[in-house]
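Kindly produce the complete structure, drawing on both the sequences and the hints.
Here is what each chain is made of, one letter per residue.
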Amino acid sequence: MAKGPARPEVKAKVLEYLAKVQKAKSRDVAVAIGETKSDVDNAVKELTAEDLVEYLYITTTFICLKGKVQTPGDFDADKE
Amino acid sequence: MAKLDQGPPNYKEMLPPVIVENYGKWKYHEIPRAGVLKHVGEASTLYSVRVGTPRLVSIDFIRDVCAIADEYCDGFLRWTTRNNIEFLLSDEAKVNPLIETLAAKGFAVGGTGESISNIIHTQGWVHCHTPATDASGVVKAVMDDLYEYFESMKLPAKLKMGLACCLNMCGSTHCSDIGIVGVHRTPPRIDHDKIRKGTEIPSLVASCPTGAIRPDPKNKSVVVNEDKCMYCGNCYTMSPAMEIYDAKNDGIAILIGGKVSNARSAPSFSRMVIPFLPNTAPRWPETTEAIRKIIELWIANANKGERIGEWVERIGWEKFFAMAELPFSDMLIDDYIFSRETFRTSAAFKY
Amino acid sequence: MTEKKTPLLDELEKGKWPSFVTEIKRAAAKNAASAELLQVLERSYAERRGHWKHGGIVGVRGYGGGVIGRYVDEPETYPNVAEFHTVRINQPSGFFYNTKTLRTICDLWEKHGSGLTNMHGSTGDIILLGCKTEHIQPIFDDYSEAGFDLGGSGSCLRTTNCCVGPGRCEFACYDTLEACYNITNEFMDELHRPMWPYKSKIKFSGCANDCTGSIARSDCSVIGTWRDSLIIDQEAVKEYAAKGYDIQGLVCDKCPTKCLTFNKETQELSVVAEDCTRCMHCINKMPKAIKAGKEKGATILIGGKSTIVQSAFMSWVIVPFMKMEAEDDYEEFKDLMRRIWEWWDENGKTRERIGETIYRLGMTNFLKGIEVAPVPQMVFRPRANPYVFWDQDQIDKSGTALDGSAL
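Protein chains in written order, with my numbering: chain A, 1 to 80; chain B, 1 to 351; chain C, 1 to 407.
Accuracy of the hints is not assured; some may be wrong.
Some residues of chain C that are not near chain A, with every Cβ distance over 12 Å (derived) [as the list claims (entries may be wrong)]:
no., residue
1, Gly15
2, Ala29
3, Val60
4, Lys258
5, Lys368
6, Phe380
7, Arg383
8, Pro386
9, Asp393
10, Gly399
No more than 20 Å apart at the CA atoms, straight line, and that leaves these computed lysine to aspartate or glutamate pairs for EDC-like [unchecked claim]:
no., chain 1, residue 1, chain 2, residue 2
11, A, Lys25, C, Asp189
12, A, Lys13, A, Asp51
13, C, Lys16, B, Asp64
14, B, Lys293, B, Glu313
15, B, Lys293, B, Glu325
16, C, Lys14, B, Glu289
17, B, Lys27, C, Glu239
18, A, Lys66, B, Glu200
19, B, Lys25, C, Glu327
20, B, Lys94, B, Asp64
21, C, Lys258, C, Asp233
22, C, Lys14, B, Glu286
23, B, Lys304, B, Glu286
24, C, Lys14, B, Glu148
25, A, Lys3, C, Glu327
26, B, Lys25, C, Asp233
27, A, Lys68, A, Glu35
28, C, Lys294, B, Glu42
29, B, Lys304, C, Asp253
30, B, Lys154, B, Glu306
31, C, Lys285, C, Glu235
32, B, Lys3, C, Asp189
33, C, Lys264, C, Asp253
34, C, Lys30, B, Glu42
35, C, Lys238, B, Glu30
36, B, Lys12, C, Glu186
37, B, Lys27, C, Glu235
38, A, Lys25, C, Glu346
It is worth saying that the hints were derived from the structure and are not from the lab.
Where is the CB? At the ideal position from N, CA and C, for every residue including glycine.
What follows is the structure in structure tokens.
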């Protein structure tokens, strides 16, 4: 992961991309937005601290916009 | 705001003075009696008294243990990688009183040297989402049955066991002297309504390690190729619409002969010798009996110092099956990815 | 609360081994979720099936792991365990504790959760078993305040673990406790922010007895060893002999390379150092008389994992000997890990452990990727086929015959 503050334009592109999908691996995000994975990972680190993005662990770890993907708990509560 | 990334507590604050003064300067150790280790250092001597735990413990259990450690060990203790507790004493005179106290309170002292140590295990029905058997209950039943080998040191060599509650094999079963593995034997049942309600199908398809799940666009659901499914339950992790449990068909397989130590021979995998035993809760008599039988056979036939795998490799697996009176079947011949190395490419064998 | 019956579980309070059912009941006396867990479990025993579901998002702000979502499958019947998540707390090296620390763990868990724990999880964490989603952030805040941090979950560096090492073992060839502590702190991003194809584990064992099971249970196994000759104390050998210890039978005869000779006349033990493979057998058997050499370090092995997906792998050697010294801040090891993870992150498929990636793409490819030169210690034996993927850059591609004419 890149060190130091993330570049604002990478953060913006990550948010823009995640708005278009349910969830994604950060590698796929990097490929899609044309940035290095290391920069994307660093951007995600900041975006999660800002509560805009969250990690999602279902068999592997994905990232998604905060609150976008349901948990099984939500299924049961019939929230959809 | 919580502190991020501060890392684990510093172990240096957890070390008793007797360890600090001998740190890295230990000379040798002895096992004066079952459950007690004596480590002699350049500065002084440390006694460790080992007790088994069920791993799943309440905070009141931990507090009880703390009270004992305060009384006898100046407030220091440790756990082992096999979920035992070790009370650390600098004063030899306190060893026997501690053991008496532990015995009076029902703690299990043992697990050292040529004994069976605690069974590494998983969550099972207590907390896992894809268990094919319980973990804690099977361990309890097996350890009750083998207790005499925990509190003594009369085995040919050490005996390490592991239990994994499904064939993902969390826990340390694949390199244990004896591995107890929960097995599912039937593919997941698909709840198409549930899938249509909220499962992301590409992710579900991708979750299958063998590619057995295909999208079924017509039904807005998926189909499972049952020939490819090896019942791992990964799809259930992805979607609760893929139930894998099957009470009548779930059960236990027994694998033996693995080890991780490099001593004498290279580390080795455990090998399946019993493909299926029923899930007879609450005390799994078929499993406890099968394990006891293997252990007693090993005790009666192994050379001193030989772990189960070393003994079986010496006499030959074909001989082991005959001696153990275990049926050999197609289920015991590997037909997964690295099977060929298990085939006998030699005309030399026993009957 | 009316006392509900648990006849099947009660059977597991009998016998000499300590009972987990007793432990759940102790927690149940104080906590409604634990009391309900007992009911769910009794039902599992009757029906012989589990009642839990996995869940994706439960976490703390700024982290991508450390909490595992768990939900009961009938929340209406069991509202107190509708959410029953696991929190992983990173354990101190070697599982050493003072009682003050343990009591803090207990008090905070009594305040926020079920009161049930696993000491410890298979990877090494202190496992806090069972809490509600809304309590996760407060739990983390309180534990953080008290000096604890979360362990790993998901596609990250999982919580690292080590053997007791120099804290209590004369066999330790490097300081496993310090290495584990130092290296864990170095890789906080990798541990707390999952970004890889899948999980990755490191275990530190001080010698080839491998008490952490690193070769079987971690993607990177760091196993203590030495390079020079083992050291024999002949006086101590004589003491073993005088006590009637069967040095020939139990030590020499079992040495895998037969490099030890016991002279019955002189009662001395000698070693052919260059034949010794440092398996630890003789040291285990005669710890008073035989010791590791002076030039100590570790063997680094890669690829270990359990069965899912492509069968279980045991780690294999990539660096036969590396110094593991706190004074060097473990820089050589850290650099190697960064190169390894970068190669895997670049080449691994989703949910592929590094051993599987190497197996799919080839060890040669991997070694080139991480810039490590091949040595014979990496293999048991060389290949038996001629299908070498020759590096075409090293080949004469002029397309001419020996006399220079065009082919």
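Notebook entry, point to check: What are the numbers of the hints the structure violates, in ascending order?
Noted result: Structure breaks hints 3, 23, 25, 27 and 34.
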